[in-house]
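> Protein chains in written order, with the working numbering: chain H, 625 to 1117; chain D, 625 to 1117.
Any given hint could be a false lead.
Which copy is meant is left open, because identical chains are indistinguishable; a pair holds if it fits in one copy or across any two.
Unchecked claim - The calculated lysine to aspartate or glutamate pairs, modelled on EDC-like cross-linking and capped at a C-alpha distance of 20 angstroms, are:
no.: 1; residue 1: Lys861; residue 2: Asp844
no.: 2; residue 1: Lys779; residue 2: Glu884
no.: 3; residue 1: Lys680; residue 2: Asp639
no.: 4; residue 1: Lys979; residue 2: Asp990
None of these hints come from the bench; they were simulated from the model.
Number of protein chains: 2
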Amino acid sequence: MKRVPASFLPPITLDSSGAIPMYRQVYEWFRRAIMAGQLRPGQRVPSTRGLAAELKMSRIPVSSAYDQLHEEGYFETFVGAGTCVARSIPCDALDQPVKKQSEASRQVSQNKTPRRISVRAALLRGAPQPWLSNLGAFRVSLPALEHFPVGVWSKLVNRHSRNQTRQSMAYGDAMGYWPLRETVAEYLGAVRAVRCEPSQILVTTGAQQGIQLAGQVLLDANDRVWIEEPGYPGARKALMTAGAQLIPIPVDEEGLNVAEGIRRARAADAVYITPSHQYPLGMTMNATRRMLLLNWAARTGAWIIEDDYDSEYRYGGRPIPSLQGLDTSARVIYVGTFSKVMFPALRLGYVVIPKDLVDAFSTARDANDQFSSTLYQAVMTDFIREGHFARHIRRMRMLYQQRRTALVEAIHKQMPGKLEVIGAEAGMHLVALLPEGVNDLAISKKAAELGIAAMPLTSCYESAPIRGGLILGYGGTDVRQIQQGIRKLGMCI
Amino acid sequence: MKRVPASFLPPITLDSSGAIPMYRQVYEWFRRAIMAGQLRPGQRVPSTRGLAAELKMSRIPVSSAYDQLHEEGYFETFVGAGTCVARSIPCDALDQPVKKQSEASRQVSQNKTPRRISVRAALLRGAPQPWLSNLGAFRVSLPALEHFPVGVWSKLVNRHSRNQTRQSMAYGDAMGYWPLRETVAEYLGAVRAVRCEPSQILVTTGAQQGIQLAGQVLLDANDRVWIEEPGYPGARKALMTAGAQLIPIPVDEEGLNVAEGIRRARAADAVYITPSHQYPLGMTMNATRRMLLLNWAARTGAWIIEDDYDSEYRYGGRPIPSLQGLDTSARVIYVGTFSKVMFPALRLGYVVIPKDLVDAFSTARDANDQFSSTLYQAVMTDFIREGHFARHIRRMRMLYQQRRTALVEAIHKQMPGKLEVIGAEAGMHLVALLPEGVNDLAISKKAAELGIAAMPLTSCYESAPIRGGLILGYGGTDVRQIQQGIRKLGMCI
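Use the sequences and the hints to build the structure in full.
This is the structure we're talking about:
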């Protein structure tokens, strides 16, 4: 049994009018707290001296009350642990308040009509996704955690944690820790041809918060946003928190069909897009489409939310510069994350914001959750500056390329003709299309029961897809797991 | 000069048609990248072998290109650093792209009409608050960071960081880390008479996110919320992100005037309230008012967002149980934080959610920013379970009581009759009312110039207050600073 430290006592309220003797009030208070289950068997109680001091009263009534509680078996004394609530309090006496509470909550849940919540919140709730409930083979977005340099990382964590200053423990900047913002600006300029200054970088808790903030700052309820069809479900949810109306625009082998978007909703207020590596299908948006999109945004005043996820990993040798770097009208909000290159529990990402919007984003971040934890921001800065980050990306690029090859081979060998692999050689997942008429949701559910985390392509569509498929992550799945996983998947299909 | 690691290169695109020799394309690419400032003086470039492998081409054209770049002075070789961009590239050549960019951004900022953002985001932007720009004397909400047990804490951080597992590095639960949720439920039950199970605890990044999430889940745009007048500005901002309409309800010495609230807006959808220690005035809501408020909520179906900030610190010896514990209709959302008891940069808080709303809050948290960083959640759990938390609170309670006494004495001694101290003996700040007609905003601004972080009472009002005042935090201000600070404040008044 865990012990609650002695100071954690329910509030004690005493009547100082003198009508009831103090010792009696203290005694009654403990008896009631024990019977109500607020104090648990074995829990330590304060010393008589400590309690008297806390209640600002003489020690004598407290001692009298304790004596009586001992005599009646409510208190026991254990060597080394001081006075505790007795372990032998009959359990049925203790059950009462629990029963009471569950009755109250039963009343609430018996209430047939669910209680009113916001429209946004109600719309967000979807069907359960059993494929996300395990970390098994093919879990999308999961990196090769077993290859993360935990030793190097924890040395940096330890260094910063030991040397915390008043400044690093106090309230931080809503935009983020300045040295990290400098480092990210430098990194994005060099690797992704993003044009920005450190003052335009907002450190977030991940891409999800970046998209959510963009929605909140740029969109009012019922404003219209183009989203890719199929597209990233996380982005749909983030934009729904702003009350935005989502307009699905089809993607083809050249990326988002911009002309079709203009036909369907020319006056839309924004677009969410994954141009480097379309989520989930994996194609790269070509140059013509990019110019079309930027021109549309410049002419109509629409915002472009560019999610550049997985851009670190291209195995074809031809990285594509970001849309942000091509944009001359400052209409692109560029969103990125460290979750997948580092590890998801890090909770660090970034947004590159047009200069005239920096203030609005900063204010919104402050209103939502103030700022990101400083420690990890400082550690991440050193991790990049000391070269560990670039080294880790290089190593993972080779590893993921091998895993991708192994996955494609396993699919071709074990399920010849059944699954069709699509998408560019990039990122940490691929899409395997199923034969027409096969229900991917059913297969993903069955696979989840076998511990396989294969995500159904259907979950990325607003409307029903023509052909189902499975999104297979290979970043966090080693070659042996890939082979076993494909065998198990074969059994499900 | 910092060195960008070698792998951070802008994307290289080569034409493989054979029209231009490969060595020439590589040479041209580097020359342009250097002239455009994408590669900086002193920056390392990949080895010829590395680049050839990355581009999937023979090493010979790469070596030829490098030779020419060396010859023309674009590259230099430093012992131990390999090949780098020369440090002597004329600076005026490098300035060009920067100029170009600032022209583009000047165009944007010259655009007289600011570009359209959401109504919510535009409303959030307020006047600058110079008193928040320093960590000087009287900074509100700042704890005594110099007394935080950094040694104990960093040992726990180090232990968890070194032993990270796949599970602790991967995606976590949107509701939080289970052992922390258990620990928080136990703590709140014992100390604050909160009635909840661990499944009702949502771990947040702080009280701010708790309030923001409550607004998002419970309120649609233009839904009406009672707020305390004066009240906590952070809560106003959080509720504004949901598009809520704020209805200021006056507080008096018994707390929020519930009858007045019912008169002004009986059908409001929610109330935000600080019953234990009203922010900023410091009174405690009495029992009658509490019952009135709970009855109103039960009858009308309104939600109560209870912010129980600073409840750890009461120097009068009579803690008041939470509203949540009195509520029999499950209408209270209870918000708390570790920021002030521990340190703000920790970014950990919690919400206690009625059982039937758990799913909606969890989905909303996932859509906003997924989950809180796992490391600190695990460390916080141990910090509480090993008794450090209770010990730290006890020590700080004594310290803050001393600091409060010193502050009240300094005010009475140095400014007799000028400032009137109000509020219960609790928390980490007090309010000192100014003589009538004195402008608190002007005094706070003047004080900020002297490095004093005294917050004006006016900033907590929606309408103009009858009497101005200063909110003086004493948690993070030691006795010497308090005395000096009051002397400086005296000069400003």
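> Look at each hint and say if it fits the structure.
How the hints compare with the structure:
Both within a single protomer and between protomers do lysine 861 and aspartate 844 lie at most 20 angstroms apart by alpha-carbon distance, with minima of 15 angstroms and 16 angstroms respectively. Taking the shortest alpha-carbon separations for lysine 779 and glutamate 884, neither the intra-copy value of 52 angstroms nor the inter-copy value of 58 angstroms comes in at or below 20 angstroms. With identical chains, the CA atoms of lysine 680 and aspartate 639 are at most 20 angstroms apart within one copy only, with a shortest distance of 13 angstroms there and 84 angstroms across copies. In this homomeric assembly, lysine 979 and aspartate 990 come within 20 angstroms of each other (Cα to Cα) only inside a single copy, at 18 angstroms, whereas the closest approach across copies is 29 angstroms.
Figure legend: structure checked against the earlier numbered hints; the only hint not met is number 2.
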